[in-house]
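K.L.:
All chains should be built: construct the whole structure from the sequences, respecting the hints.
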Amino acid sequence: MTSNIERLHLTHPLHFVIGLTLWCIWFVAVYGGHAVACAVAPPAPEQGVFTLVNAMLLMVSLAATVLLAVLTLGCCREAKRHEGRLRFNAAVSAGLYLFSTLGVVFTALPILGIPPCL
Amino acid sequence: MRERYKRHAAPLSIQRLTRQRVNQLAAPLMVIATLFLTGCAGDKSILDPAGQAARDVVLIWWIMLAFGTVVLVVVVALWLYAFKRKHVTRTAVEERRIARRWIVGGGIMLPVLSITALLAFGVPAGQRMLPLPLSEPPEVIEVIGHQWWWEVRYPGAEGGEVVTSNQLIMPAGEPVDFHVTGADVIHAFWVPRLGGKIDMIPGRVNRIRLEADEPGVFGAQCAEFCGVGHAHMHLYVEALERDEYDAWLAERQTDQLASLAVNDQQHEPAREAFMTHCASCHRVAGLSAGEVGPDLSDLGSRTSLGAGVMPMEEGAINDWLHNHQTLKPSNLMPVHDDIDSATLESLGAWLETLSP
Amino acid sequence: MTTINRQATPQEPQNPRDPQGLHEDLHEIWGNPRGLKALTIVNHTTLGLRFMVTGMVFFLIGGILAMLVRTQLAFPDQDFMSPDIYNQVTTMHGTVMMFLFAIPMLEGLAIYMIPKMIGARDLVCPRLTSLGYWCYLFGGIILMSSLVLEMAPNSGWFMYTPLSSSEYAPGLGSDFWLLGITFVEISALSAGVELVVSILRTRTQGMALHKMPLFAWYILAMALMIVVGFPPLILGSILLELERAVGMPFFEIAGGGDPILWQHLFWLFGHPEVYIIFLPAAGIVSTLIPVFAGRPIVGYGWVVFAIIVTGFISFGLWVHHMFTVGIPQLAQAFFSAASMLVAVPTAIQVFVWLATLWLGKPKMKLPMLWIMGFLIIFVCGGLTGVMLALVPFNWQVHDTHFVVAHMHYVLVGGMFFPLIAGLYYWLPLFSGRMPSETIGKWGFWLTFLGFNGTFLIMHWTGLLGMPRRIYTYDTGMGWDIFNLLSSVSGFIMSAGIAMVLLDIALHFRFGKPAKQNPWNADTLEWANFMPPSAYNFVSLPKIETRHPLWDDPDLPRTMAEGKHSLSVANHGRREMWGTDPITGKVREIIHLPGNSWLPLFAAMALAVVCISLLVRVYPLAGVFVIVAAVLLLRWSWENGAHPKAAPDAEVAPGDPPLHSRTMDGPGLWAMAIALLANGSFFLCYLFGWFYLWTVSPEWRMPETSPLSLIGLVLAGLLVTFGAGVLEKCVRGLRQKRDAGLAISMYSISALGFVQVAITLWVLLSANLEVTETAHDAIMMVGLVYALIHGGLGAILTLLQGLRVGYGYVGAHAPFEPAVVAQLWRYNVVTFWVLVGALAVLPRVIGS
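Residue numbers (this note's numbering), protein chains in the order written: chain U, 1 to 118; chain A, 119 to 474; chain H, 475 to 1321.
Hints should not be assumed to be uniformly reliable.
As the list claims (entries may be wrong) - The calculated lysine to any residue pairs, modelled on SDA-like cross-linking and capped at a C-alpha distance of 20 Å, are:
#, chain 1, residue 1, chain 2, residue 2
1, H, 915, A, 292
2, H, 837, A, 199
3, A, 202, H, 975
4, H, 1059, U, 12
5, H, 685, U, 67
6, H, 685, U, 35
7, H, 839, A, 198
8, H, 835, A, 199
9, A, 204, H, 768
10, H, 839, H, 975
11, A, 204, H, 838
Simulated from the structure, these hints should not be mistaken for lab results.
P.N.:
Right, here's the structure in full:
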């Protein structure tokens, strides 16, 4: 696990954009998946929030959260190990991964409370 | 010629009253204060709710306004104070600590807490407008937007569907589901005092649930830009007690209206002129089935003409038939220069009798 | 001297000539011609100014339109304008302000400022700057002519279908909008691409990514957002124009299309656009505040964080413009939450600025006054923005004057006020003179009070239920007095703006001469002469810190005396550094093309295309597409070892090689960024395809796919094989092998042409009924996309073959095939994705 994270070169500025790109991909997946699910197999309104659609969306969101959280921690650790430019890169990346993580959590909150296709 | 009709006596008299007081006091601040206070009322005012959905939103609005004002004032005051305060020389470590406090406190905590609170408020309010299944299925009214008038249908009326136009009569004190769509371009259905708006999109049916607390008259106007007539696309909305509503529907059954349209021999020439000139576009129950323009079966009983362009009074229809392109520029009814004035007058007189 | 020396350490000149001599040498090469030849100028300073002046002219036109609107709405039941004219005026006001003022103006500022701030001598694709300017100018003129002809677009600036379709908007209005805006868009995209590459690859020696001025970060984000955000609108415009001109029913329910697709495409562009406008303006704020606080900005990293977050999140908000179209609540909630998230980076910036002022010694100079105005208005607009993100509240105030007020708070507060602050701040650089504080203050207060009078009140008008875009209203709604107040204040605001413009105009003649670095700023643009020379800097310094002029106040002098690098100009090339995007280490010398007629002529040819499409003379359009293509190919011909570019690759001892003699020049990056834009276009196309497939109410899919799978797979194999061979050639060039290069290029090109022929056969044999169903129409668009790209790849490779013959390309100048290889790689990926989406998936899933 640790060596895998090292292979990601978390001090590279490319990580400035990876976290939020993942957020975007998650967002498109959830929005698009939800639209397709509602077009193909809308659950009965009586079911409320306890539907397969909500469950699936929640699973995807959880997976995204975990992935982003791991990357956040990785960047934090890298930031502590370096100075100067590399530290700057890792610290900003850590912030961006953290934001992406919380962004997924925050944006996914409505899945817990709103029936899917109304 | 284009004198506007006043639907509401009450707000006008209040306005008149306050104007007198203002004249006496003549203080500019008073003008502004009273303007805003009396200004809350109004036919189409969001701030004067007459249904639960609209009331929820107004409550949220006032809370958001208060909170937003505090945030704005505090932030601006801090900025201004930063210019005024005496500069203190600090070590780099102290500076970093102070900066982090500002950024974490103001830049992260403040917005995160605010938006979380906002969502917690907002989501339940939104759910109330969802057409969730009810134990007793609500009344369904279909509203169809046309360039530039409204078609209103009551599919659930006992004894067959009822159709009318440019007026929306609904039962008060119970939820009503509106199924809306557009016939040509996108319009939007919006009764501000009852709740949010929903787009009327050709090819789709959108649903929104609204409820009027009590009987009353509400203003409404197309809210999505729909072309040259957009400003002249008003809808008269009235909520009635359930029994009055049922009676209103009963009066508008096709057979009732049909007998109304043909019962009178005196208007026979007008009916003939109607069949020649108007019937291909307009429906009058029992006579014609045109669907291009508004249904006219109960025209005489409506409060206004031309989708809210002018009040319905004696002679108003005649006036409209002569001058409709001036009264409502670019509306889609052709100019009637080819029809002589007497015929138009007789048509107007007959249409006025179509009042159940 | 063709070895790639990544760790080059350029030597400082031993015996610098006297400063005047250096200046003359450089001026000889970089100087602007006068007279008619001024039209050939490609220099960023001149073109940046042209962009800004043109933008200001359009701003004045847009402002006059706004005043017409306010006059009409001042009283109820006015007959000042007919509804149709009113609709034209409001549509054009929005269009002009957004597309012809806000974006080009900020691009102009960036084009002017970026090279000076990062220590470069020009943008990396100077001819592209010029092409962009001419496209902007011609597109703007075409669009404005519609107003004069009284056939301006009248469907609102977001052109919702079906109101803008041929049935409900007959005449040429919508066509003017769609074609004119797409034409102007070329300029936005070209500026976007070259700004990205310039910022990443041409910063002066030592300016690592984390030492870059914040303004460059903001512009980098803006430029990338343009690159990704504009293609959806271009796609939408093309589809809608095809629907209007040919009858392909993309947005027509009856034909299986969906009007809501337009709204998605429009707002997919339209929301990022707001931040495209806001970010550079915030960049101005982040540049000015440290200068006037007399200390470095606190939390540089926080600001970078906020910029990146804003750039991304703004692409996840577009549906909040569509909360009333009847999208399921859960989907609305996603967008609602995402919209609120954007408050976080904005608040971070506001508090970073506050903390900087708090810890510094701020001075309330004229530019700071405008920054204060910005703060008040923008925070207010941001707060109403958060309110609007709340779905139930949005349902009430959407499409009312509340939204009109909010939008002006965000755009005027978030763009116009910082812009004026920036203009006042940089005026001494433009002209060498200082503006007048007195007239400036009058201008500010009139604008500020007028603005708030107009739009603060307008929130209330909206809450009283006044919908937007109505040309008149009844009395008795309680709207009268508020509209009158808004109108009066609007005129006060225009008086203020007139005063500001007067001040700026007068200062060029009457302003006091400014001293070097008059505000005691920290960034490199103040090391220019005032006004700047065409080549910016006599010598390019090595930068160690974020605040070069604070840490070495002597820098402007030593730079002007030629004490730093690249001050020699006897080789006759326009040179500057190509540096590593991350560390800022020097990698190569970039040599730039000189002045040229080609951009002007190409833009003129494109203008003829635009006009002939407008008046529907399609043969003429076809001819001029070819003319434009020939001109652009000629442009690409004069590169590398061509006699007009850099036939001689000699460089000073110790200096790195010329970029055209390496494998990693900026052109490679420009191609990559252009393909990013192209990829965004392609993804939007796929979105359109799948959207219509799943959502469109009357979508009709044929039982069997009309596309020949065998043909498509064959074509795909050809393009893949061609790309593989090309890769092999590029690998060879990397190792200095160019045996048989010309033959390889010709063969690859031939493969490309065969692929195009097969794709064309598939398209023709499918017998698509493009005017009958949206399915066939959108399939056609996808195949034409593949055809154009295949053809482009084949033509460019053919030219490479010719260039090998001329000796412009080979082991000595190996750069260009690597650029073309990128396009081939892109073509391979998109072609197979198209095959999968259009031909395989429908077979697998069925209708």
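K.L.:
None of the hints should be skipped; say for each whether it holds.
P.N.:
Structure-based check of all given hints:
Proximity of residue 915 (chain H) to residue 292 (chain A) is assessed by CA-CA distance (about 58 Å); at most 20 Å being required, the pair is judged violated. Taken as a hint, the residue 837 (chain H) and residue 199 (chain A) pair is honoured in the structure, with Cα atoms around 12 Å apart against an allowance of 20 Å. The hinted pair formed by residue 202 (chain A) and residue 975 (chain H) fails the criterion: a straight-line CA distance of about 30 Å is larger than 20 Å. The hinted pair formed by residue 1059 (chain H) and residue 12 (chain U) meets the criterion: a straight-line CA distance of about 16 Å does not exceed 20 Å.
Between residue 685 (chain H) and residue 67 (chain U), the direct Cα distance comes to roughly 30 Å. Violation of the 20 Å bound is thereby established for this hinted pair. For the suggested pair residue 685 (chain H) and residue 35 (chain U), the alpha carbons sit about 44 Å apart, so the restraint of at most 20 Å is broken. The hinted pair formed by residue 839 (chain H) and residue 198 (chain A) meets the criterion: a straight-line CA distance of about 13 Å does not exceed 20 Å. For a cut-off of 20 Å, the pair hint linking residue 835 (chain H) to residue 199 (chain A) stands: about 12 Å separates their Cα positions.
This hinted pair checks out: residue 204 (chain A) and residue 768 (chain H) have alpha carbons roughly 14 Å apart, not beyond 20 Å. For the hint linking residue 839 (chain H) to residue 975 (chain H), the alpha-carbon distance of about 18 Å falls within 20 Å, and the restraint holds. Distance hint between residue 204 (chain A) and residue 838 (chain H) is fulfilled; the C-alpha atoms sit about 14 Å from each other, no more than 20 Å.
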